[in-house]
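First residue of the sequence shown: 15, per the working numbering; consecutive thereafter.
FYI, nobody ran anything at the bench for these hints, they're computed from the structure. Any given hint could be a false lead.
Label pairs and their computed distance ranges (CB to CB) [claimed, not checked]: (1) F46 - E23: 45 to 53 Å; (2) F46 - S24: 47 to 55 Å; (3) S36 - I16: 17 to 25 Å; (4) F46 - K15: 14 to 22 Å; (5) S24 - H45: 16 to 24 Å; (6) L21 - H45: 46 to 54 Å; (7) L21 - L47: 49 to 57 Å.
Just so it is clear, CB atoms sit at the ideal spot from N, CA and C, and this is done for glycine as well.
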Amino acid sequence: KIVLDSLKESGEWENTIVIFTSDHGYHLGDHFLWGKVTLFD
15 KIVLDSLKES GEWENTIVIF TSDHGYHLGD HFLWGKVTLF D
């Protein structure tokens, strides 16, 4: 929230793209995959 508020206050909000990502971990057998070897999902 602090970062987004700072962007708005500085006027840079309109010129900014914010991207949220995460690492969802191993497939653990889903789709017959057992490791981090694909970009599935």
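A quick look at each hint next to the structure:
| no. | hint | in the structure |
| --- | --- | --- |
| 1 | F46 - E23: 45 to 53 Å | holds (49 Å) |
| 2 | F46 - S24: 47 to 55 Å | holds (48 Å) |
| 3 | S36 - I16: 17 to 25 Å | holds (20 Å) |
| 4 | F46 - K15: 14 to 22 Å | violated (40 Å) |
| 5 | S24 - H45: 16 to 24 Å | violated (44 Å) |
| 6 | L21 - H45: 46 to 54 Å | violated (38 Å) |
| 7 | L21 - L47: 49 to 57 Å | violated (38 Å) |
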